[in-house]
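Enquirer: Chains as they are written, first to last, in the numbering used here: chain A, 1 to 328; chain B, 1 to 355.
The set of hints was computed from the structure by calculation and includes no laboratory data.
Be aware that one or more of the hints could be misleading.
[Claimed, not checked] For lysine-lysine, the following DSSO-like pairs were computed, each having C-alpha atoms within a straight-line distance of at most 27 Å:
#: 1; chain 1: B; residue 1: Lys200; chain 2: A; residue 2: Lys48
#: 2; chain 1: A; residue 1: Lys35; chain 2: A; residue 2: Lys48
#: 3; chain 1: A; residue 1: Lys105; chain 2: A; residue 2: Lys48
#: 4; chain 1: B; residue 1: Lys119; chain 2: B; residue 2: Lys320
#: 5; chain 1: B; residue 1: Lys200; chain 2: A; residue 2: Lys35
#: 6; chain 1: A; residue 1: Lys35; chain 2: A; residue 2: Lys24
Keep in mind that this is a model prediction, so the values were computed, not measured.
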Amino acid sequence: MATTTMTMARALNEGLRRAMEENKKVLIMGEDVGKLGGVFRITDGLQKDFGEDRVIDSPLAESAIVGTAVGLAIRGYRPVCEIQFDGFVYPAFDQIVSQVAKLHKRSDGVYTMSLVIRLPFQGGIGAIEHHSESPEAYFAHTAGLRVVSCATPEDAYWMIQQSIHHDDPIIFCEPKCRYWEKGEVDTERPPRGLFDAVVRRPGRDVTVVGYGASVRTMLRAAEAAESEGLSLEVIDARSIAPLDLDTMAASLERTGRLVVVHEAPHTASIGSEIVSSLTERCFYSLRAPGLQVSGYHTPYPPSRLEEEYRPSVDRILDAVDRVMEFES
Amino acid sequence: MIGEELVQLLTPEGERVSHPEYESSLTNDQIVSYYRDMVIVRRICTESTSLQRQGQLALWAPIQGQEAAQIGAGRALEPMDFTFPTYREHGIAWCRGVPPEDMLRLFRATSNGGWDPQKYRHSVPTVVLGNQALHAVGYAMGVQRDGAEEAVMAFFGDGASSQGDVLESFVWASSYNAPIVLFCQNNQWGISTPMSIQSKIPLYHRAHGFGFPGVRVDGNDLLAVYEVSKRALDNAREGGGPTMIEAYTYRLGAHTTSDDPTRYRIDAEVEVWRHRDPIERVKALLVREGTVRASYFDEVAEEAEGIALKLREDVLAMGKPDPLTIFDNVYADVHPLIEEGRREMVELGVAGGGH
Ligand SMILES: Cc1ncc(C[n+]2csc(CCOP(=O)(O)OP(=O)(O)O)c2C)c(N)n1
Ligand SMILES: [Mg+2]
Chain A
1 MATTTMTMAR ALNEGLRRAM EENKKVLIMG EDVGKLGGVF RITDGLQKDF
51 GEDRVIDSPL AESAIVGTAV GLAIRGYRPV CEIQFDGFVY PAFDQIVSQV
101 AKLHKRSDGV YTMSLVIRLP FQGGIGAIEH HSESPEAYFA HTAGLRVVSC
151 ATPEDAYWMI QQSIHHDDPI IFCEPKCRYW EKGEVDTERP PRGLFDAVVR
201 RPGRDVTVVG YGASVRTMLR AAEAAESEGL SLEVIDARSI APLDLDTMAA
251 SLERTGRLVV VHEAPHTASI GSEIVSSLTE RCFYSLRAPG LQVSGYHTPY
301 PPSRLEEEYR PSVDRILDAV DRVMEFES
Chain B
1 MIGEELVQLL TPEGERVSHP EYESSLTNDQ IVSYYRDMVI VRRICTESTS
51 LQRQGQLALW APIQGQEAAQ IGAGRALEPM DFTFPTYREH GIAWCRGVPP
101 EDMLRLFRAT SNGGWDPQKY RHSVPTVVLG NQALHAVGYA MGVQRDGAEE
151 AVMAFFGDGA SSQGDVLESF VWASSYNAPI VLFCQNNQWG ISTPMSIQSK
201 IPLYHRAHGF GFPGVRVDGN DLLAVYEVSK RALDNAREGG GPTMIEAYTY
251 RLGAHTTSDD PTRYRIDAEV EVWRHRDPIE RVKALLVREG TVRASYFDEV
301 AEEAEGIALK LREDVLAMGK PDPLTIFDNV YADVHPLIEE GRREMVELGV
351 AGGGH
């Protein structure tokens, strides 16, 4: 096994590089992705090595980045679009929802929308407005799109490649506050499928599900809970749409208690989706109603207040206590 | 690079030059006073950069090099006009009377806005590139329908000029003959993206295609920016419709404090533009014409120093807002999810914390 320690940023870079080496049709396009290597340096050095035709510094227009990627995909390319920050994806929303998601259907399967839209998402970096949002539910809601998120460098390395190889359009959500955290990456073979959830920490009492940046927070909560004699099973959903409900349900059947964690507001969220789907599946095993720990129903706050807004270890433990104390 | 088409009234050496269509109307008092504005906003900018370096601001977007573009346009505005800025219009904000500490609330990450936009007739910052251009046209359509003698100025950069919103704003401004000035600061860069990727023709040429005049002005020339802006604003107020102004300038500093421009541009280019420094140019004029006493420049620098010092104090005094404020002003009327969020936060005991 060839494992290497690297940051998530590096893992994404290496994954993109490998995908580009393996397939000449893979292109990267976005604002500042070339010479600068992107504002997070995820595409660092790729333009130097693959040229300006394959790593395209685009004019400043997200609708056009995605719209032209659609045309390139029709022409047989596999574009990887970088949207600089979550909050800047909305100019491209129309192209994503009306075209990227629907052209396979509209063309009776003739077109494949083999493109990836990379979205640094979630908060935690002390940024100004529009740089910390969690728009995943907008995309999960749209048939034709798949939405995934990596939480570890190893997943980043493999999931970006799996997404590029996949024939459906994929919204690839990267937890930007974890870009600089290191982890082991096995570069020989992918640990699991792109749409599989994974148990990050086994436990008995409560199933805690989340994705992206929340995974690390859930693991911290699990450590803290352990000292209080509570055992949390932490599941990294990895795929946001579709959800790997089998893995989650298998856990919930054992624990009977569910807490879902994410940074988006809870109304019409992925958390709501997970709670309701698992309630249906595991109705007779539930020992308490599933709870969500999420952002509040407000715009993402100025970042001096972001830690009050984002799910914290305390808020997760609070929800854990509530599902533990619940008497039916 | 700078062709005949560029309106210039003051050379980089600080010499007045004539132009067939524009003549400087500024009195000596005005020039002296706008020189002061430029020195102060630059000092606000250096202070903000150092506050950021010391961990007191989340971010700062400097305007070094663009002072003439902003003070020239900002001083051409009438009090009743309305302006729609990006995140970099500190010079415009200064001219509109926005207190410096209010300009920094966004960057201190204690607010997503920072000032009362109606009070200063200067809208809140817009970070999503280009959005505000459409707001400005809509506002101008309102002015038109009210029969008011006001003009609107929208600000955007060379990068944002590629956004659909900006180009659509050109269409609407033209279709409705809106009383608006579309003011583009072409500072040659959109983060690492050079102007050449955004447009193969001079940006101001675009205006003609949309059906209204475009003017390229030397954005480092206070006198020229003022005249070009003034004429365009007067024209808008008089019902003459939109004008696009391309202020041809340069971002001497980094895109923001998070940026490292050495990765994408060469020092020699920056050096060329340093020789076109907008503040030095006016200073040279004032010296050449003996407009001010010799001590004036030191006095202005000292005044700017005092403003910077006060700004620092004000910023350091800006504590963490009460977490409950995140629920304020999300809706105009009561909303159950807001009430629920508030209740939850109070129960968690994190609220009311302050500082
Ligand atoms: C819709 C959108 N996409 C991307 C960004 C990220 N971004 C912030 S500033 C910037 C460059 C803007 O360049 P320009 O319009 O020339 O203005 P300047 O910063 O030079 O003043 C980019 C890409 C954004 N703020 N909004
Ligand atoms: Mg620019």
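Enquirer: Run every hint past the structure and note whether it holds.
Expert: So, going through the hints one by one against the coordinates:
1. Lys200(B) with Lys48(A): Given pair Lys200(B), Lys48(A) holds - Cα atoms ~24 Å apart, limit 27 Å.
2. Lys35(A) with Lys48(A): 8 Å, holds
3. Lys105(A) with Lys48(A): Judged against 27 Å, a Cα distance of about 37 Å means the pair is violated.
4. Lys119(B) with Lys320(B): 25 Å, holds
5. Lys200(B) with Lys35(A): 20 Å, holds
6. Lys35(A) with Lys24(A): 20 Å, holds
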